[in-house]
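Engineer: Below, each chain spelled out in residue letters.
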Amino acid sequence: MLGKTAGGLFWLSRYLERSENTARLVEAGFRMALTRAAAGEDEWASVLTTVGCLKAYRDKHETVAPNTAVDYLLRDKTNPMSVYSVMQLARDNARATRTALTREVWEAVNDGWMVLKEMLRRPVPQTDLPHVLATVRQQSALVRGALQGTMLRNDIFSFSRIGALIERADNTARILDVKYYVLLPTGAPVGSSLDNVQWEMILRSASADRSFHWLNAGNVNPKAIAEFLILDSRMPRSLAFCYDEVITCLRELEIEYGDRRPSHDLAAKLEARLTGRTIENIIELGLHEFIREFIKANAALASQVEQDYRFYE
Amino acid sequence: MGGTPIFFDEMRGDGESARQPYAEYCAWLESVKTSELQKKSREAETFFRRTGITFNVYGDKDADERLIPFDLVPRIIDGKEWRLLVRGIEQRVKAINAFLHDIYHRQEILRAGRIPEHLIAQNEAFLPEMIGVTPPGGVYTHIVGVDLVRTGANEFYVLEDNARTPSGVSYMLENRETMLKMFPELFSRIKVQPISNYPTLLRRSLGKCAPTRCEGRPTVAVLTPGLHNSAYFEHAFLADQMGAELVEGHDLRVVDGRVAMRTTQGYQPVDVLYRRIDDEYIDPLNFNRSSMLGVPGIMDVYRSGGITLANAPGTGIADDKAIYSYMPDIIEFYTGQTAILKNVPTYRCSEADSLKYVLENLHELVVKEVHGSGGYGMLVGPAASKRELAAFRAKLIAKPSNYIAQPTLALSTVPILTRSGLAPRHVDLRPYVLVSPDNIDITPGGLTRVAMKAGSLVVNSSQGGGTKDTWVLEE
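Quick mapping for you: the protein sequence lines, in order, are chains R and X. Counted the way the working numbering counts, the first sequence spans residues 1 to 313. Counted the way the working numbering counts, the second sequence spans residues 1 to 475.
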């Protein structure tokens, strides 16, 4: 398969995952604003930071108001991270890798783009926001379903999986990076309503609220949340889950191509950091440092995969 | 235009009742409401958008991707009519390949004085780099699209032979898919010859033309100028349907005397390249130095027999509009038979007598650029304004050898669905021909292009033309 195609698939999946993650973050921020009268500026600033576009936002807007923040995150064409831009990039990559995709996958991506382009043509009024955000997630789920249901399990599938997983791990890690302080034992007084709302926000941003409560029977505490999002390999957005899967995909490539590349060792090293550890252990060594390093190593793995499989020249 | 011209309508002939090939279709049509058809028509548009069957328009940024209008009334051809066309096309394509071989080798046809030498020697489409080169299997034009027009019940003309990189075959295939989806009942009622195996035949046909030293299953790739090319959808579509890689120039490189593509596992050689890039851009070392689309050194590999290029470089000399006028001679020279399909009488403006005639009768003629395509730079005399005629007159006088002129043909019509029901529009037909060393395959039907504006004779998609599904009936 062409290196360029592998790269296109990798990015197609990353962008789709990204659109979904951004939508989820906006949803969490929106909900926070509904439950807390004072939520405004800080919460939206932290959403913008998590998406990685606070600086660019501030260059353009003076204040962080809910409406401008939502608009910037969803439909601003000058924001390369907006759902609009990201969906357009996803669709461009799908067009460029059209020959590697089944008709179902292509149509799901193309449909998603057409639907969202139309929805994001005008500013989204608050009343429509839940519907629009649900649509973003739905479209992404449709593509994922088409991929799962119709694609051959070969290198094509592996590259798109790796892209999605690296992006997802990055997203979960960023949520933790921005909010790590609420999860530290030394944070605000435990059990205050402020904390509860913050914890909910973290869980919701990772679509982890229901599963967390189900597993913990309503017993919410910050350590358990950190453990769930970092180490619990049953949770499909946890770092451990993502790396389990990345390793599996790389192993499949290894079998198909008959050789190991430097990225395989990098991934193994990263996975080792996530297994055989306890959350106490991580907190003791420094939660924030741990997450920071993870984000860096995750990005390094992405560029090693790009090199190993000749995505570019 | 004097009086009202009579056009042959393929559905109704010259009368009111349906012609034989349309009998069954028209019977069905009577049972369907126009509003129902209009609903289907909107459905078809959604279907095309979803599938992404679009084409890009140069210099039109907002409407980067457009749909070619699709009309759901099929163009129907009788099995017997089709057999005649097949014979004529086969004859023509054989002659074209023999002509190309001759022109790049012994040039017997020039020695025999059947074609003036300057027409070859001074022609930009003639590639000196191809002299003495015999492509694998002796095939020059692997894929040909012959543009035909009909003017009467038994009258067909060849408008041009597209021997370089004919496009549009993806529309032929997708139009049929769409029709099958929208009107399954029609296909159970009327037996239409299938066309869906075109990609398989293309793959097989290209494979048979692989370099002789290629062992095992040949690797085929489609070379596209990229995402922004007007026919990108088609390039991706064909690669996909054939199970071939879709490559751009920067994915390819000459490695150890072979053309190889950059894969996830290093560079791997390509045996057959179906290139959708013009000769001029294919190799910056040998041709246009500023080309970013091609592969440096590919011509050297080609000349040494390391890769098959489809179509071969230099085939443009055979579909040049100035050469076109000699096609009847060419066919006779190489096949010993008279041409089965007629040529449109053509005035070569490079000849003083012809130029004089053309200038005097400009308002009645169609004038085309010798090297033009896509309906650009063309004048349809009867439809042109006084100003347009005057402007074109000046261009003709300035560079007569750049133009040929033909009488305005009374192109046949087929109805399209308009807001106020069915209405006749002019059509042409482009059947697709696959050539391999031992075989010529012609897909039944081809692409019917239709001028969507009443009275218009320009069917090119770049000029707002649309397409129809083309049915050849089983006999």
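In case anyone wonders, no lab produced these hints; they're calculated from the structure. These figures come from a predicted structure and were not determined experimentally. A few of these clues could be false.
Not close to chain R: a few residues of chain X, all C-beta gaps over 10 Å, as computed [as the list claims (entries may be wrong)]:
1) His118
2) Gly266
3) Gly306
4) Pro424
Keeping only pairs whose Cα atoms sit at most 20 Å apart, straight-line, the calculated SDA-like set for lysine to any residue is [unchecked claim]:
5) Lys80(X) with Thr102(R)
6) Lys33(X) with Glu104(R)
7) Lys117(R) with Thr46(X)
8) Lys117(R) with Lys181(X)
9) Lys181(X) with Thr102(R)
10) Lys117(R) with Pro184(X)
11) Lys117(R) with Arg66(X)
12) Lys117(R) with Phe48(X)
13) Lys77(R) with Thr51(X)
No residue lacks a Cβ here, since even glycine has one placed at the ideal position from N, Cα and C.
Engineer: Next step is simple, just say for each hint if it's right about the structure.
Structural biologist: Verification of the hints:
1. For His118(X), the condition that its CB be more than 10 Å from all CB atoms of chain R holds, with the nearest at approximately 44 Å.
2. Not every beta carbon of chain R lies more than 10 Å from that of Gly266(X), the smallest distance being close to 7 Å; the non-interface claim is violated.
3. Separation of Gly306(X) from chain R is adequate, the least Cβ-Cβ distance of about 20 Å exceeding the 10 Å criterion.
4. Non-interface status of Pro424(X) relative to chain R is upheld: no Cβ of that chain comes within 10 Å, the nearest being about 34 Å off.
5. Our distance criterion of 20 Å between C-alpha atoms is broken by Lys80(X) and Thr102(R), whose separation comes to about 38 Å.
6. Of the pairs offered as hints, the one joining Lys33(X) and Glu104(R) is violated, with about 32 Å between alpha carbons and a cut-off of 20 Å exceeded.
7. Straight-line distance between C-alpha atoms of Lys117(R) and Thr46(X) comes to about 15 Å, which keeps the hinted pair within the 20 Å bound.
8. Of the pairs offered as hints, the one joining Lys117(R) and Lys181(X) is violated, with about 27 Å between alpha carbons and a cut-off of 20 Å exceeded.
9. Proximity of Lys181(X) to Thr102(R) is assessed by CA-CA distance (about 19 Å); at most 20 Å being required, the pair is judged to hold.
10. Among the hinted pairs, Lys117(R) with Pro184(X) is inconsistent with the structure: their alpha-carbon atoms are about 32 Å apart, more than 20 Å.
11. For the proposed pair Lys117(R) and Arg66(X), the alpha carbon gap of about 16 Å is at most 20 Å, so the pair holds.
12. Only pairs whose Cα atoms come within 20 Å are accepted, and Lys117(R) paired with Phe48(X) is accepted, the gap being roughly 17 Å.
13. About 25 Å separates the Cα atoms of Lys77(R) and Thr51(X), which puts this hinted pair outside 20 Å; it is violated.
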